[in-house]
Amino acid sequence: MRILPFIFSALATAGLVTVLNVQLMIGKSPTPKLGYFLSPQHGFWKNAEKIDAGFDASIVAKDLKGNVDVYMDDRLVPHIYADNDEDAYFVQGYLHAKFRLWQMDFQTRVAAGRLSEIAGADKLSIDRFFRRLGMVYGAEQTEKYINENNPVMKATVDAYTAGVNAYIKQMAPEEIPFEYKLMNYQPDQWTPKKTYLFLMFMSYDLTGRSATADLQLTNTRDYLGLDLFDKLYTNQQDSLDPIIPKGTAFAPASIHPIIPANADSLYLKKKHTTASSSSANATASVEAPDKNNGSNNWAVAGSKTKSGRPILCSDPHLGLNLPSLWYEVQITTPTHSTYGASFPGSPAVIIGFNDSLAWGVTNAGRDVLDYYELKFKDSTQKEYWFNGQWQATTNRQEIIKVKDSADVVENIAMTHWGPTMFDAHYQNPQSMGRNLAVKWTGHNASTGVETFYKLNRAKNYDDYIGAISLWKCPGQNFVFASKSGDIAIKQQGSFVARWDRQGDFIMPGQDSSYDWQGMIPNDENPMIKNPARGFVSSANQKSVDSTYPYYLGTAASFPLYRGISVNKRLAVMNQITPSDMQSLQTDNYNVFAGVARPALNKFLDQNKLSADAQRMVKEMNKWDLYNNGNSKGITVFKIIWDSVEDAVWGDELAGSSIPLTKPESFVLLDQMNKDSNFSIADDIRTQGKVETLKEQVQLGVERATKKLLELEKEGKLEWVSFKSTKVLHLTKIPALSRLNLPIGGGVNIINATTDVHGPSWRMIVHLTDEIEAYGLYPGGQSGNPGSPYYDTFVDYWAAGKYYRLLFLPKAKLISNERTKWHIQFKNA
Amino acid sequence: MKSNTSELIKFVVSTLLSALMAYAIGIYGNLPWWSFVVTNFIIAIAMNQKPSKSFLSGALGIGLLWLTLAFVIDNQNQHILSVKVATILPLKGSFTALIALTSFVGFLLGGLSSLTGSFAKKLN
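Keeping their order, the protein sequence lines are chains A and B. Here the first sequence is numbered in the working numbering, starting from 1 and rising by one per residue. Here the second sequence is numbered in the working numbering, starting from 1001 and rising by one per residue.
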């Protein structure tokens, strides 16, 4: 009977090993494999870095042609000095992987629709969305094009890829990043395609709102009818201060797009008739890219600065995440020397400067994605009606691997327009049962990397123009300033020559007359060089006034007020220093409230308000119009304004079962200032009574007061507590994020910091002989949550402070007191 | 008395051997995290202690090894990661609780694997 204790004990041991070696379901999310995760020699403890660890190392990589020296400064920014360009990109890839491997892998998984592979069927709706949108398709086009036509870019991306993989190869199993252990999967090899997928993701992030907005606008138009729609969603922006100053003459258009003869009946005023029967199998919508994805950039000429040299500023506003989208780097080779923010996932510096000039980008916001409604012959989707006959589709298969489950196969019918995004197999709550193909400039092969490659090496204005002329998607406003004194800005991208309102709504897909009739030639894109006013700027507003010969897209894509703020300030500033520019980038003045508050007061009869509401209005009126963190006035103003908007628009939009878009704030504000008899103020639900704007404002304030009293009780009236800015880890796990940051700002503010979104890389470059540059992003150079460099810059960023950036030739950098470590790369 | 001393020495040697072998095999990240189950099993057969002592020496060997490693790593890291993990797991952000949990998992599995070894020895 001696065998029984043995059996029991062996079973208990084996059982415990098994339980500790699988992911357990606790609530909705799986745990890590606990035994593995807790093991101090294998699990997360291995990712807890020594607080005073050094980074000196000597690395042999036989893919290198020469030697590379990397010096890390006290902020863990690498300064790469390479014997040749390819070696520099190899090392950039290696360092990206060393510090950001999980993030690079994760972001490209999102873009490629490969989340289900690691997270299970829960993520299928996201994966299907990106597959059907053609993200992989687009990356394939670019890869093919570059492999066949662009040996220099191919070599660049290949060297970068080899660098990433060299790091992965030498990494011991217990050294894999923390998140792999937490979520229980393994790193993949890097490939050039992943670099292109990452760039596709940026295209989606910056132009992909149309994939949602076009559906919403179509549904809203269908619901309201075109006449009412036009009043609520007007393209008329009275207070626009465009990127290219009003009155600048534009060259006549070389393309004259022709409006289809039947556009009125088949497009603009068409009502949706397809039975929306398939809402039953509709999957959840994928969250659209943040509406506030935008940015500020500007450059001031020497005539306006104290030094007589230009200063360039750039701060891209994007989702705030840990690990950050950005990674600072200096790259110096015999051909060039550049510094700035790079994308882990891509070679070269994306926003930065070199020893001759500086550049920055903001999003152009132009509409480059359209839907076309299809009629299929039958459910096989093998043929669709096009130009009076049945046309064959081709089938594109996308296989989605799903963790703990069978593969899911997406059969995508490829059409003249592009991939069929929505059909009987895939619907979301906004697609209303339609068959929709998507046409997007993001699908076209693009040598976007080359633009940055060339900007990194540019010496002058002509080089800058040459570099950006290659840029296609997402359309950007490239700002420029050089040591030689030039400043310029150009809106560049592959833009559709649209007829008025082409593509605002879903277009008929049965007829090629609705197709894009051409792309606007590069030299007709809006641009300005060395303007008399001494500065150039952009803040995502509409780039041109109505004299520009092409249609840019709906006004909702172009925020109005930040641009006004920037231009107002720059116009009056003189003797500018980098420190003035720091104050401007972090400025919290609310230009919208500056106009909207008096408008509210004009319509408000304070004596008729409740005592509480009177108190709130007083709080609003004594506010200094700055969105500072400790301000209560801004919270009160915001809640009141939103509530008045709801009172005015709410009735028109109520009653729709599908999500509609809210009109832009400028629409109501412009109407209030025109003081017209604004018929929309009437609540259409009350019969026999016509509400005036006055009554709606009164009502809005009373409703807002209820909310405000609640906030006051919870102690959330201060702007920082109300706004609650956070930098979220990519998994959104709170423990890995930074929450409740003490920072002001907001929508319409130059310091565009909202709850999860804001200035993601603040950069200021003073183009003196030895470049004087400042910058930081809300993150840290290490992506490892167990590193002291994980969130190093966050508090500094929130406080509106800057780091002086070290940009020096090798000998000077080695002897600089901020240089801490040396990583040597040798080929043998 | 003499046999007590030799048993004590056996116990101490067994415990140290457990920790040492577990540490050594743990250096090889390609091997599974539970490789010490095998080393403990073999050590228990070789040392041939009473089952209760075998359990305790295996448990203490791994438990103390994991405790020491986790404690040292955590102090060198100034709790940056442990506080985050202790929030996720959830242990209310207590790094002490996390180190205790780590050590307890090692203790329990280390003990069971040595116990199995000592029972195996008694089979013949």
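No wet-lab data here; the hints were simulated from the structure. Here the structure is a predicted model, which means the values were calculated and not measured. Possibly wrong hints are sitting among the right ones.
Far from chain B, some chain A residues (derived; all Cβ distances over 12 Å) [to be verified]:
hint	residue
1	Leu11
2	Asn21
3	Arg457
4	Gln575
5	Ala611
6	Trp623
7	Ser665
8	Phe722
Computed beta-carbon distance windows for the label pairs [as the list claims (entries may be wrong)]:
hint	chain 1	residue 1	chain 2	residue 2	range
9	B	Asn1004	A	Lys169	25 to 31 Å
10	B	Asn1004	A	Gln824	55 to 61 Å
11	A	Val572	B	Gln1076	51 to 57 Å
12	B	Asn1075	A	Thr768	30 to 36 Å
The calculated PhoX-like cross-link candidates involving lysine-lysine, where the alpha carbons are at most 25 Å apart (straight line), are [stated by the list, open to error]:
hint	chain 1	residue 1	chain 2	residue 2
13	A	Lys726	A	Lys608
14	B	Lys1122	A	Lys50
15	B	Lys1122	A	Lys726
Yeah, the Cβ is synthetic: ideal placement off N, Cα and C, and Gly gets one too.
Exercise for the section: Go through the numbered hints given earlier and state which of them the structure violates, listing their numbers in rising order. Expected result: 1, 2, 9, 12, 13, 14, 15
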